[in-house]
Amino acid sequence: MPALYALYVINKSGGLIYYKEFVPIASLNLNDTLRLASIWHSLHAIAAQLSPAQGCTGIDLLLTETFDLHCFQTLTGTKFLLVVEPRTPDVAELLRTTIYELYTDYVLKNPHDESQHHGLREEQGPRAEGKDKGKTIVPRSALPPGLQLTNYLSVQWTQKPRGRSNCSPTSTGNDGCDVPKYATLLMAAQQHDTVRNFKGANDPGPAEKSM
Amino acid sequence: MVCYNFYIFNRQGTCLCYHEWQRPKSVKQGAGTPSDDQKMMFGLFFSLKTFAAAMDPRTENKAQLGGPLRIGGACTFHSYATNNYKLHFLESPSGIKIILNTSPEIGDLRDHLSTIYGSIYVEYVLKNPVYMPGKPFRCQYFIGALTKYLQDCRLT
Numbered sequence: 001m002p003a004l005y006a007l008y009v010i011n012k013s014g015g016l017i018y019y020k021e022f023v024p025i026a027s028l029n030l031n032d033t034l035r036l037a038s039i040w041h042s043l044h045a046i047a048a049q050l051s052p053a054q055g056c057t058g059i060d061l062l063l064t065e066t067f068d069l070h071c072f073q074t075l076t077g078t079k080f081l082l083v084v085e086p087r088t089p090d091v092a093e094l095l096r097t098t099i100y101e102l103y104t105d106y107v108l109k110n111p112h113d114e115s116q117h118h119g120l121r122e123e124q125g126p127r128a129e130g131k132d133k134g135k136t137i138v139p140r141s142a143l144p145p146g147l148q149l150t151n152y153l154s155v156q157w158t159q160k161p162r163g164r165s166n167c168s169p170t171s172t173g174n175d176g177c178d179v180p181k182y183a184t185l186l187m188a189a190q191q192h193d194t195v196r197n198f199k200g201a202n203d204p205g206p207a208e209k210s211m
Numbered sequence: 001m002v003c004y005n006f007y008i009f010n011r012q013g014t015c016l017c018y019h020e021w022q023r024p025k026s027v028k029q030g031a032g033t034p035s036d037d038q039k040m041m042f043g044l045f046f047s048l049k050t051f052a053a054a055m056d057p058r059t060e061n062k063a064q065l066g067g068p069l070r071i072g073g074a075c076t077f078h079s080y081a082t083n084n085y086k087l088h089f090l091e092s093p094s095g096i097k098i099i100l101n102t103s104p105e106i107g108d109l110r111d112h113l114s115t116i117y118g119s120i121y122v123e124y125v126l127k128n129p130v131y132m133p134g135k136p137f138r139c140q141y142f143i144g145a146l147t148k149y150l151q152d153c154r155l156t
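Taken in order, these protein sequences are the chains called W and V.
The first sequence begins at 1 in full-length UniProt numbering and counts up by one.
The second sequence begins at 1 in full-length UniProt numbering and counts up by one.
It cannot be assumed that every hint is accurate.
[Stated by the list, open to error] With a cut-off of at most 30 Å between alpha-carbon atoms, the simulated DSS-like pairs for lysine-lysine come out as follows: (1) K12/W to K109/W; (2) K127/V to K25/V; (3) K148/V to K39/V; (4) K12/W to K25/V; (5) K12/W to K28/V; (6) K127/V to K39/V; (7) K12/W to K127/V; (8) K28/V to K148/V; (9) K135/V to K28/V.
The hints are simulated quantities; they were obtained by calculation from the structure and are not laboratory data.
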């Protein structure tokens with residue numbers, strides 16, 4: 001009986017940056033894992049907000065009938081999720097020490113790593129200039145490659161995905177294009193304080209400017 | 001070993017009962033108003049149920065993300081723990097959801113929640129002839145029996 005089912009690593013804006021399943025789970029495709037990661041990011045923040053006691057930092061452990069989900073949040077906002085068999089011992093320890101150490105050693109200390117790409121931009125806040133003035137630019141690390149969120153209402157492909165000639169950003173068809181659903185989740189996640197503070201609190205979105 | 005607060009919701013999302021024993025962080029700092037707090041709580045566990053059903057590692061007949069969930073059919077979560085509170089959840093076959101927030105060191109309360117549903121909620125509320133199902137209720141006997149039951153359990 002396997003004890004570990006899957007590992008997810010989520011960056012501080014809610015986007016999935018790494019996913020590994022140790023046991024094949026046939027009905028979860030990549031789009032679903034991306035959505036699940038964003039959903040978890042939002043639920044983690046909402047649970048902290050709804051806490052009846054002060055100083056809550058979010059969900060650490062989710063217990064269900066068929067699996068346990070352990071979450072470790074680093075001081076920088078990166079979350080490590082481990083889906084395990086129920087009642088597996090010492091998982092929090094494993095996350096905090098082994099997995100986090102391997103991540104820092106092999107990923108963060110790698111000079112070619114792009115998961116924390118816009119470091120300087122994050123400190124200054126996203127700047128909108130020229131034709132993009134008035135639009136909120138989302139850091140590239142929050143979106144899947146090839147996608148750019150130009151404003152709250154539409155998403156624009158910067159590179160067309162191969163093999164899908166019918167795919168347009170505004171299509172609501174079923175699995176041809178997952179862009180509107182992903183953008184909706186991302187917008188929902190952006191409303192939370194954790195993400196809003198990260199983006200640059202002084203930068204109004206186009207919805208607020210028009211009001 | 002502390003109980004913070006307690007919610008009962010029905011299938012439509014109406015909060016039928018809310019009771020708090022202690023709440024160090026007030027509602028204003030959290031959701032803003034009590035009704036926002038209740039709506040947010042409903043949304044939270046509704047999404048957690050969907051999330052748990054989609055993450056389920058069993059592969060037969062899994063509910064698709066975004067699809068409707070049958071009560072009792074899909075895998076559902078029964079509690080989650082944070083660094084300073086633990087939330088316990090029970091959904092009855094009729095869609096009545098019971099939520100209890102306690103301090104984090106408390107163990108598995110699934111049996112206790114079943115007893116709360118079966119011996120306290122059903123007895124004091126559902127069997128009350130003037131109770132309109134689906135409407136929020138306030139019942140002193142129910143809160144009293146619930147508090148007494150939790151106090152008896154905390155000693156064990």
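We went through each hint and held it up to the structure:
{"no.": "1", "hint": "K12/W to K109/W", "in the structure": "18 Å, holds"}
{"no.": "2", "hint": "K127/V to K25/V", "in the structure": "35 Å, violated"}
{"no.": "3", "hint": "K148/V to K39/V", "in the structure": "28 Å, holds"}
{"no.": "4", "hint": "K12/W to K25/V", "in the structure": "25 Å, holds"}
{"no.": "5", "hint": "K12/W to K28/V", "in the structure": "26 Å, holds"}
{"no.": "6", "hint": "K127/V to K39/V", "in the structure": "27 Å, holds"}
{"no.": "7", "hint": "K12/W to K127/V", "in the structure": "49 Å, violated"}
{"no.": "8", "hint": "K28/V to K148/V", "in the structure": "29 Å, holds"}
{"no.": "9", "hint": "K135/V to K28/V", "in the structure": "25 Å, holds"}
Of the numbered hints listed earlier, those contradicted by the structure are 2 and 7.
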